[in-house]
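Can you build the whole structure from these sequences, using the hints too?
Taken in sequence, the protein lines are chains P and G. With this note's numbering, you'll find the first sequence wraps up at 193, consecutive numbering, no jumps. With this note's numbering, you'll find the second sequence wraps up at 193, consecutive numbering, no jumps.
These are calculated hints, taken from the structure and not from any lab test. Keep in mind that a hint or two might mislead.
[To be verified] If you want a taste of the chain G side facing chain P, the calculated C-beta under 7 Å gives, among others:
| no. | residue |
| --- | --- |
| 1 | F83 |
| 2 | L84 |
| 3 | F87 |
| 4 | I131 |
| 5 | G143 |
| 6 | M144 |
[To be verified] Cβ pair distances, simulated, as ranges:
| no. | chain 1 | residue 1 | chain 2 | residue 2 | range |
| --- | --- | --- | --- | --- | --- |
| 7 | P | L142 | G | T159 | 17 to 27 Å |
| 8 | P | H117 | G | D63 | 27 to 37 Å |
| 9 | G | L147 | P | N139 | 18 to 28 Å |
| 10 | G | D65 | P | G43 | 41 to 51 Å |
| 11 | P | S108 | G | S108 | 16 to 26 Å |
| 12 | P | S2 | G | R185 | 37 to 47 Å |
| 13 | P | N139 | G | I157 | 41 to 51 Å |
| 14 | G | Q4 | P | R185 | 20 to 30 Å |
Even glycine gets a Cβ: it sits at the ideal position worked out from N, Cα and C.
2 protein chains.
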Amino acid sequence: MSKQALIQFIQNVLPMSEEKAKQISQHFNEKLFLKNDYILKEGTVCRESHFIEEGLVRGYVVDLDGNEVTTHFYSNPIFANDFLSFFKRVPSKINLQTLSNCKTWVISYDELQQCFHTIPEFREFGRMMLINSYSRLQNRMLGMLQLSSEQRYEKLIKTHPEIFQNTSLKNIATYIGITDTSLSRIRKELLHK
Amino acid sequence: MSKQALIQFIQNVLPMSEEKAKQISQHFNEKLFLKNDYILKEGTVCRESHFIEEGLVRGYVVDLDGNEVTTHFYSNPIFANDFLSFFKRVPSKINLQTLSNCKTWVISYDELQQCFHTIPEFREFGRMMLINSYSRLQNRMLGMLQLSSEQRYEKLIKTHPEIFQNTSLKNIATYIGITDTSLSRIRKELLHK
DNA sequence: TGCATTTCTTACCAAATGACAAGAACTTTT
DNA sequence: AAAAGTTCTTGTCATTTGGTAAGAAATGCA
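Structure (C-alpha cells):
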C-alpha cells in the first residue's frame with residue numbers, strides 16, 4: 001500500500017520535505033472503484049475528496065432535455081471532487097462517475113478540516129490546489145473564447161490523450177462544447193491533413 | 001473613510017462577528033483609480049488584491065492577432081486580482097483595467113500572508129472567496145457548454161446589467177465568446193420579440 | 001467647434017454548426 | 001449465438017456564425 005504517487009503529488013503542488021508530505025498522506029485511505037461507479041451523485045453533499053492514482057473519472061451534469069454535459073475529466077494525478085459542495089457542504093449539482101476501474105486515496109471533510117487546523121503545510125497545499133484548479137479552468141475558459149472547435153479538440157488530444165482511451169467521442173464533444181456530429185466531421189477533416 | 005461595504009462583504013462570504021470582520025478590514029487601504037487606469041498589467045506580478053467598492057474593472061488578454069479578449073468583469077462588491085499570479089508570484093498573463101473611476105480597498109501580498117498566519121478567520125475567508133470564484137467560473141463555463149450565444153447574452157444582461165453601462169458591446173461580445181457583428185444581430189432579433 | 005477615432009449596425013457571402021435520420025460498426029445482455 | 005443497445009459516421013438541409021466592408025452614430029480630442 002504505497003502512497004508514493006500521492007506524496008509526490010503533494011510535493012509537486014507545494015514543495016515541502018518528504019517527511020511532511022508523508023505525514024499529510026497518512027490521513028488518506030485507499031479506495032477502489034469499478035468502472036461506472038459513482039464517486040458523487042448530484043443532489044448529495046460531496047463529503048470526500050479523492051486523489052486519483054489510477055483510472056479516469058468524468059464529471060457531468062444533466063440538462064433540461066436529459067442530455068449529459070461533461071464538465072470535467074479527472075485523470076491521474078489529480079484530485080476529484082466538487083469544491084463548492086465539499087467546502088460549503090451543500091448538495092452538489094454534478095455527478096462524478098468512473099470511466100474505468102479506479103484506485104483513489106480519499107480523505108473525508110471532517111478529517112481534512114482537522115488537518116487544516118493542525119498542519120499549516122496542509123492548508124497551504126489545499127490553497128495551492130484550489131489555485132491550480134482555478135487556473136486550469138480559467139485556461140479552459142480562455143480556450144472556449146478564442147479557439148475554434150477544431151483547435152479545442154486538437155489541444156485536448158495533445159494535452160490529455162489518455163482521456164480518449166476510456167470514454168466516448170460523445171462525452172468528449174460535450175466537454176469541448178460541440179455536438180458529436182460536429183466532432184465526427186472535425187475528426188474526418190483532420191485525417192485528410 | 002467607511003469600510004462598511006468591505007466589512008459587509010467579508011461577513012457575507014464567511015459569517016463572523018462584526019468585530020472580527022472589522023479587524024480584518026483594518027488591513028486594507030483605500031485606493032482611487034481614474035477611468036482606463038491599469039490595476040494590473042500582463043507580464044508583471046500581481047502584488048495586490050483589490051476589493052472593488054465602486055466602479056467597474058475589465059480583465060482581458062491580447063491574442064496573437066492583437067485582438068483583446070475579455071476574460072472577466074469585476075463589479076462591486078467583488079475582489080479583482082489574478083489568483084495565479086498573486087498567490088504564486090509569477091508574471092500575470094492578464095490585464096486589469098478600469099472602465100470607470102473606481103474606489104477600491106487594497107491589501108498587499110505580504111500583508112495578506114501575514115494576516116493569513118495570524119487570523120484564522122481571514123484565511124478561512126480567503127478560502128471561501130477562492131471557492132466562490134471557482135464556482136462562478138464553473139457556472140460560466142457550463143453556460144458556454146450548454147447555452148446558445150443569445151442565451152448567454154440574455155443571462156449576462158439579466159444578472160449583470162451594470163456592466164452594459166460602462167463598456168462597449170465589443171468587450172461584451174468577446175466575454176461571451178462571439179464577435180461584435182454576431183452580438184449586434186442577436187440584439188436586433190431580441191428587439192423584435 | 002470641427003476633425004479624427006471608435007463604436008455600432010447592416011449587408012453580403014462563405015464557413016461552421018446543429019438537428020435529424022439512416023446505416024455501419026461495435027458492445028453488452030440474454 | 002442472437003438480440004438489443006450504443007457509438008460513430010455520413011448525408012441533407014436549415015440556422016448560426018464569422019469575415020469583410022461600408023456607413024451611421026457616438027465619442028474623444030485638438
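Going through the hints against the structure:
no., hint, in the structure
1, F83, "holds (5 Å)"
2, L84, "holds (4 Å)"
3, F87, "holds (5 Å)"
4, I131, "holds (5 Å)"
5, G143, "violated (10 Å)"
6, M144, "holds (5 Å)"
7, L142(P) x T159(G): 17 to 27 Å, "holds (21 Å)"
8, H117(P) x D63(G): 27 to 37 Å, "violated (44 Å)"
9, L147(G) x N139(P): 18 to 28 Å, "holds (21 Å)"
10, D65(G) x G43(P): 41 to 51 Å, "holds (45 Å)"
11, S108(P) x S108(G): 16 to 26 Å, "violated (36 Å)"
12, S2(P) x R185(G): 37 to 47 Å, "violated (59 Å)"
13, N139(P) x I157(G): 41 to 51 Å, "violated (27 Å)"
14, Q4(G) x R185(P): 20 to 30 Å, "violated (56 Å)"
Taken one by one, the earlier hints fail for this structure at numbers 5, 8, 11, 12, 13, 14, listed in ascending order.
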